[in-house]
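Student: Sequence:
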Amino acid sequence: MRGERALNTITGYGAGFVLVNNARHESSLIVLPERIVPWVIDGFEALALADFERLAGLDLEIVLLGTGARLRFPRPELTRPLLAARIGLEVMDFQAACRTYNLLMAESRKVAAALLLE
251 MRGERALNTI
261 TGYGAGFVLV
271 NNARHESSLI
281 VLPERIVPWV
291 IDGFEALALA
301 DFERLAGLDL
311 EIVLLGTGAR
321 LRFPRPELTR
331 PLLAARIGLE
341 VMDFQAACRT
351 YNLLMAESRK
361 VAAALLLE
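Numbered per the working numbering, the sequence shown spans residues 251 to 368.
Warning: the hint list may mix true and false statements.
Below, a list of computed lysine to aspartate or glutamate pairs in the DMTMM-like style, where the Cα atoms sit at most 20 angstroms apart [to be verified]: (1) Lys360 - Asp309; (2) Lys360 - Glu295; (3) Lys360 - Glu303.
Hints were generated in silico from the structure; no laboratory data involved.
Model, not experiment: these values are computed from the prediction.
Just need the whole structure built from these sequences, with the hints factored in.
Tutor: Here it is in structure tokens:
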């Protein structure tokens, strides 16, 4: 069971920003129910194996990769660390990732939204 702290909920989003518990973030980040992890990345084209290795180490069931304003798929070789760790990956645009994160988080799933803000 999770602690009594408030869980991170995405309360809004728009071009170049996301609100987590009403706090505005204007750079890429990884949102988990119990913490927010800064994600220093220069956009979708900069995705690297190390990004997915980092996600694979977070004890998750599923990663929602929000690829910005439009849906783009990472190269399959980049996502192998998630497959090896038996972590699901769903790739979607930024807004869909925000909505889906809230639904899965409310179901107490071990979910992360890796959000590219471009």
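Student: If a hint holds in the structure, say so; if it doesn't, say that too.
Tutor: Going down the list of hints, with the structure as the test:
1. For the hint linking Lys360 to Asp309, the alpha-carbon distance of about 7 angstroms falls within 20 angstroms, and the restraint holds.
2. Taken as a hint, the Lys360 and Glu295 pair is broken in the structure, with Cα atoms around 27 angstroms apart against an allowance of 20 angstroms.
3. At roughly 17 angstroms between alpha-carbon atoms, Lys360 and Glu303 fall within 20 angstroms of each other, so this suggested pair holds.
When held up to the earlier numbered hints, the structure conflicts with hint 2 and nothing else.
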